[in-house]
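What follows is the residue order along each chain.
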Amino acid sequence: MDHQEEAGLPLDGNAASGLLSELFALDVTVAEVTCDCCGAVTQVGETKVYGGIMGAIFRCAQCDSVVMRLVHTPVGLCLDMRGSRRLLAQPVAR
Amino acid sequence: MPETEASTSTHERLIWRVAEVAKIVDETPRVKSLVLDVPGWPGHRPGQHVDVRLTAEDGYQAQRTYSVASEPESTRLMLTVELIEEGEVSPYLTSDVRAGDKFELRGPIGGYFVWTVAIGGPLFLVAGGSGIAPLMSMLRYRAAVNSTIPALLLYSSRTFEDIIYREELDQMAARNGLTVAYTLTRHQPPAWSGGARRIDRSMLASVGPSAKARPKIFICGPTSLVESTAQSLLELGYERNFIKTERFGPTGA
Chain A
1 MDHQEEAGLP LDGNAASGLL SELFALDVTV AEVTCDCCGA VTQVGETKVY
51 GGIMGAIFRC AQCDSVVMRL VHTPVGLCLD MRGSRRLLAQ PVAR
Chain B
1 MPETEASTST HERLIWRVAE VAKIVDETPR VKSLVLDVPG WPGHRPGQHV
51 DVRLTAEDGY QAQRTYSVAS EPESTRLMLT VELIEEGEVS PYLTSDVRAG
101 DKFELRGPIG GYFVWTVAIG GPLFLVAGGS GIAPLMSMLR YRAAVNSTIP
151 ALLLYSSRTF EDIIYREELD QMAARNGLTV AYTLTRHQPP AWSGGARRID
201 RSMLASVGPS AKARPKIFIC GPTSLVESTA QSLLELGYER NFIKTERFGP
251 TGA
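Here the protein sequences line up with chains A and B, keeping their order.
Take the first sequence: its position 13, counted from the start at 1, is 13 in our numbering, and no numbers get skipped.
Take the second sequence: its position 117, counted from the start at 1, is 117 in our numbering, and no numbers get skipped.
Derived by calculation from the structure, the hints in this document are not laboratory data.
Do not rely on the hints blindly, as some may be mistaken.
To list a few chain B residues with every Cβ distance to chain A over 12 Å, as calculated [said to hold, decoys possible]:
id	residue
1	50
2	102
3	110
4	111
5	117
6	134
7	176
8	232
So the derived list for chain B, only partly shown, Cβ under 7 Å to chain A, looks like this [unchecked claim]:
id	residue
9	109
10	148
11	246
Virtual Cβ for every residue (Gly too), placed ideally from N, Cα, C.
With the hints as constraints, model all of the structure from the sequences given.
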């Protein structure tokens with residue numbers, strides 16, 4: 001499989017797990033994110049991801065609102081959590 | 001147990017390791033499997049993937065994510081790569097790479113699209129094209145640990161020649177508890193007894209385990225196949241919490 005050869009189509013949050021692991025110690029693909037727009041609680045691996053390795057926009061699997069952005073910028077790895085109320089992670093195996 | 005090994009890596013930072021190509025397997029005209037030696041590999045769980053990084057002589061880097069197709073019990077890591085002509089990475093991995101070549105890889109990553117016997121069954125797998133790769137890791141693992149959890153694979157390919165791992169799948173299916181249902185979307189050989197169209201709701205209803213059995217469902221393939229299959233399964237009464245998806249773009253079956 002070659003996840004990132006195509007542009008424009010969403011992938012799953014799971015596809016951005018390498019990028020997420022550059023910032024988080026826990027496996028965030030199995031963490032629950034609460035959408036600030038519709039209140040849906042889904043696993044990050046279930047969100048729709050645009051982008052992948054250099055940066056990703058995570059959209060709610062239910063209402064498509066942006067819940068998270070994680071991007072390599074010239075000034076550093078930038079996480080923008082506007083759009084999510086809560087991220088709930090379990091200290092379990094990667 | 002692989003779970004134990006993986007859990008020790010919880011606080012281990014994900015590092016780039018050097019993978020050496022030990023063997024190249026021609027799977028189909030468009031698909032190759034790379035069998036890799038990765039010193040220090042911490043082990044994976046079935047369904048996880050890796051990031052691959054290629055560095056050109058001028059320092060330019062390209063990165064892609066590939067599912068691991070081998071089972072955790074294997075000492076070597078298998079990645080199965082489909083050629084995407086306009087791609088940056090897959091043409092190298094399917095055409096130029098030779099045994100003994102090295103490239104960088106980090107993983108395992110992603111705990112979301114993972115199945116182990118502890119999760120239970122029945123297992124209902126739906127694959128399109130090279131989306132079979134992470135599901136193959138699950139089936140090879142299931143065979144390696146002699147699991148008797150019932151498993152069904154519905155696998156869509158364009159033609160008979162495009163079916164990846166066909167002989168191995170048929171051998172596994174001849175053993176206890178695995179059913180493999182193929183469908184060919186573009187061309188079918190004479191006397192073909194399998195499906196002859198894209199995966200749709202009626203096909204899922206006729207080959208899939210009963211929704212009442214609460215199967216654990218994993219769907220991997222082109223985005224359109226994954227989304228239509230997930231939607232159909234919800235309409236058929238399967239539980240949303242048990243449907244895991246892995247999309248990878250528009251190509252495949």
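TODO: Enumerate the violated hints, using their earlier numbering and listing them in ascending order.
DONE: 1, 3, 4, 6 and 10
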